[in-house]
Amino acid sequence: MITALIFLPLVGALFIGVVRENQARGLALGFNALTAIVAFALWRNFDTAAAGVQLMERHAWIPAIGAEYVVAIDGLSLLLVFLTSLIFPFAFFAQRMGRGFCALMLVMQSALYGTFTAQNFVLWFLFYEMSLIPAFLLIKIWGGENLDRAATKFFVYTFLGSVAMLLSFLGIYFARGTFDFAALAALGKTGLLAGKIAWLAFAGIFLGLAVKVPLFPFHTWLPDAYETAPVGVSMVLTGVLSKMGVYGFVRLLLPLFPHQIKIVGPWLLGLAVCSIVFASLAAWAQSDLKRMVAYLSINHLGYCMLGLFALTASATRPLLEMEAALSGVFIQIFNHGITAAALFYFVGLLEQRRGLRGLDDFGGLMQRTPLLCGWMSVAMFSSLGLPGLNGFIGEFLIFKGSFAVAASFTAVAVIGLLVTAIVFMRAMQALFSGRLSENCSAFPDLLRSEKLVVVPVTLVMFAIGIAPQFVLNIFNTTVVHMARLFS
Amino acid sequence: MTSWIVPYLWLIPAAPLAVSLLILSLANSRRTAAAALAITGQIVALVLAVLAFVPTLQQPGWRAFHNFTWFTFGQNALRLGWVLDPLTAAMLLMITFVGLWIFVFSIGYMAGDKNFSRFFAYLSFFSAAMLGLVIANSLLLLFVAWELVGLASYLLIGFWIHKPSAAAAAKKAFITTRIGDIGLFIGLLWLYRSSGTLLFYDGGKGCLENAGLLALGASATFVALLVFCGAVGKSGQFPLHVWLPDAMEGPTPVSALIHAATMVAAGVFLVARVYPIFSLGGIAGVTPSLTVVVWIGVITALMAALIGIAQFDIKRILAYSTVSQLGLMMVSLGVGGVAAGIMHLLAHGFFKALLFLGSGSVIHGCDEEQDIRKMGGLRGAMPVTFFTYAIGMMALSGVPLFFSGAWTKEEILDATTHWPRSHLPHYLMMAGVVLTAIYMTRQMIYVFFGHRRAASEHARESPPVMTIPLIVLAICSIILSVVLTPAWPWLHDYLLGEPAHFQIAQLIQPMLLVSFALVAVGVGLGLLVYRKAAVTDPLAQVQPALFRFLENKMWLDELYARTVIALARMAARTSDLMDRYFWDGLVRAVGGLGQIFGIFSTTFDERAINARVDGGASGTRGLGRFLSARHSGQIQTYLAAVAVGMLALLLLYAWLA
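As they're listed, the protein sequences go chains V and C. Take 1 as the starting number for the first sequence in the working numbering and just add one per residue. Take 1001 as the starting number for the second sequence in the working numbering and just add one per residue.
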């Protein structure tokens, strides 16, 4: 069933070749409906009370190099599968796109499903790289200004990270002879490698994932890439692709190198705090809406990193706090995916109407398009962590967990919450208030087709903010299991 | 010891919340329906509040709570709950009752606004959040409601969003209070870590009960101070008070409900709610955290009263008065007079709402003019507004015997005398009483006495839908005295959980005479100075420099703009520049190094293998390659660099292994 999930979008990409240009998006959405059904079926067959990975499919592939086709899911994987299934249709709705565009998006979707379910490094890495190439092409071909530079930077940056990671895993394979995640994690407890090689391998994997997340100071590709990418691609990049990094940290780095992480823990926490504080400050200084949202994306993923590092870097690891931080990180992954994608979607709507997307290009929109402003405000308040909306739940749990074990780092990180508020207050003032700008006086308010996209997404934000249990249920057992593993 | 209503307390905020959503889903043109719905929601909440009040009378100090699990993370439950005790019940009554009359007043005041329906939706939403705040039995639930009232305040201050000043004020309010909220949030995390629960009452295990307080121990001071940060922001205490006067950009009923009667009092309420944390480990009721509360309160009360003397905007005078009175309440809590502080909060809710609505009526009558120098002589034109305003003014100034504010102020002054640390707050608060009487007398003279000036020429009385709420609130400001006097200190004892006794001999306390003298001095001074109110303020004629200092709010806004805000902006710009040039530059430098490395390896190949074949050309070709690599094909060179790097690393592995 997982295999079906992974290959359905690929089949869709092939089918796109035979349809007309203006039918491509419909077909892509159709295939998304199919994957959504498969994802739902996965959930029905998934035992939320069982620890560890389930629904495993295992086939021999290239035994000579230890490569197997193994896919399986646990709570975290399932959560990310859901997120992917949610963000892709959302992104397909966000803009017009032709055949090539749709096909590449579907290839990327397939790669993401693979990344989140693969349980063998070779397979995982294959999918991991497979997501990178469509993203590169989408930016390179359909991007905005500076597309060459942004696309190249994106590609080289992440590719370099990948190479470092590949080398590290080759090193591990030569020493230990396995690529299997479960086997590696079991070895990780007692120390995967010895001496300097362990550190080299750690550094390589860390670099690869830190670029992907991205973690300060490996983040400079992100604002350029997100700014230049077409809206739909930006939504997918921030909503799902950035989660590959966080997922990698949880799945690979933390279980494989507990000893190393503990030693450099304070430094990692420092980087996470820098991500949170500097990215939010930089967002404040942006005048381009897309770039602003891009920086806030770094900031929000910084919270995830804070939670992860806090629970592994500290000497004492009370189970309660670890479960809080892990739950917070997982739910934040999901929340950020939805909220950041929604923000990009709204920026896209504004850009479609105005042709520009600077903060100063708008003004007084509340008088002309109250619905657009209202629903966009919900996404903004969700992003700044207003209680009652989804963002707060994740941030509260992360801070609860990390404050207990790393109080001073957390106290500094909380500044990020304040600056995020400033950023959005500034944006709302510039966009919505004051006299109606002449350039905006012919704007249509939310169209019916747009409402059909906006309302369900916003309802999800409210649902998670008010009664988050239904999301937490997906991964509660996984959290308990992982917390035990780490402590 | 429970009551049927406790598990259903949530219905009280739920009623206005449901109404708010309902109105938002209506078309903007359904004005009557919107107003009717909002008022119905408020009446339902009021009835439920009365029903909730009844069981608290059963026996002194009655308290019941209802806890439930919000969600489970890992194997842990996060629990929330609601509590019903005298503090909650009294607040519920005040908020729903005052709120109801402000809703009624708004029908008249907002009649001409094209977003009439939306106004009532926001107002109901605020009411819901505020009611949720007072029933919360968990600091987390309180924080949630706390942020939501902040949102409501933001929406309502910026209600006239086409006005840039309103939008700016809304932004300022949200950000300034959020600074305090960050402190509160850290305090909340700390409390959760130390005591393991955020529930206030949980059958002995709550954080305000013995077990929780024991676990909190020495960190109580820090938790209390962090929580107080939140209160400072919300309740407009120095140094975060700057947003409150600007908040007057909102429609006047908003100022009455949110920025006078209820929301700004939330900070005082919060301190009272978690008072056991503040007073933990105190000697004779003095703890470091409470001492901070006292002095912040003193500074705020005096500073705001002084600034209030030099303002010309009718609403801003009242806004500074609110700041000042909130400072007074904080002082009361700090010196141990919890009941006195809350009594003043409740009484203040009534008469300050009255004053704001009165000012709304005046503004309405004077065609949206807010400058008191352009008013005057309204006594005859607006008799109802005048009389009710006068009652509000006397209640605020503390004219003894008949007005509620007098009794509560007396109680607070009395509490300050018992503070062992210092008597200075006592004397400073006495000065505050004089100042209050002065600025209110000044305002009365400017607005209602003298001859008519530009804006008040054609003033006429407001319609009954606006004057009836004034009359009701004025009557309440007087009859509330019944439960406040020392002869029958019912409210005081109700809040403290003690049985009240009627002793007529206690009625006249020495402090009453003192406060009578203070008010007489204040009003007398006011009359003396301002009897000939002119366009130039008499104080400005005598002391122009001092007056300018006060008129410009002690230049605190300017000071903040040039220090904290400038610094923060600089940090933002620096972060951006660092990103663009330093970090990205570093990346490019590394990339460039890779390129050069690639060129070297190619030229090495060229020289080692091809040198003899075409020796002379290699230098040129190398240069050519260098240049072409600069201009195009970046990826390939990068990849070449990667290949070399891979080789180098593999060699390194071999060497290490």
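Possibly wrong hints are sitting among the right ones.
Just so you have them, the derived chain V footprint on chain C, three or more residues with Cβ under 8 Å [what the hints assert, rightly or not]:
#1 1190 to 1204
#2 1578 to 1590
In the DSSO-like style, the derived pairs of lysine-lysine whose C-alpha atoms are separated by at most 30 Å in a straight line are [as the list claims (entries may be wrong)]:
#3 C:K1114 with V:K451
#4 V:K189 with V:K262
#5 C:K1163 with V:K451
#6 V:K196 with V:K140
#7 C:K1205 with C:K1374
#8 C:K1114 with C:K1163
For the chain C half of the interface with chain V, some residues (derived, Cβ under 10 Å), not all of them [to be verified]:
#9 L1140
#10 V1384
#11 A1572
Because the hints were derived from the structure by calculation, they are not lab data. These numbers come from a predicted model, not from an experiment. Idealized CB from N, CA, C, for every residue including glycine.
Do the hints match the structure? See the list:
no. : hint                 : in the structure
1   : 1190 to 1204         : holds (count 3)
2   : 1578 to 1590         : holds (count 6)
3   : C:K1114 with V:K451  : 24 Å, holds
4   : V:K189 with V:K262   : 13 Å, holds
5   : C:K1163 with V:K451  : 28 Å, holds
6   : V:K196 with V:K140   : 39 Å, violated
7   : C:K1205 with C:K1374 : 60 Å, violated
8   : C:K1114 with C:K1163 : 15 Å, holds
9   : L1140                : 8 Å, holds
10  : V1384                : 36 Å, violated
11  : A1572                : 4 Å, holds
Consistency with the previously given hints fails for numbers 6, 7, 10, ordered from lowest to highest.
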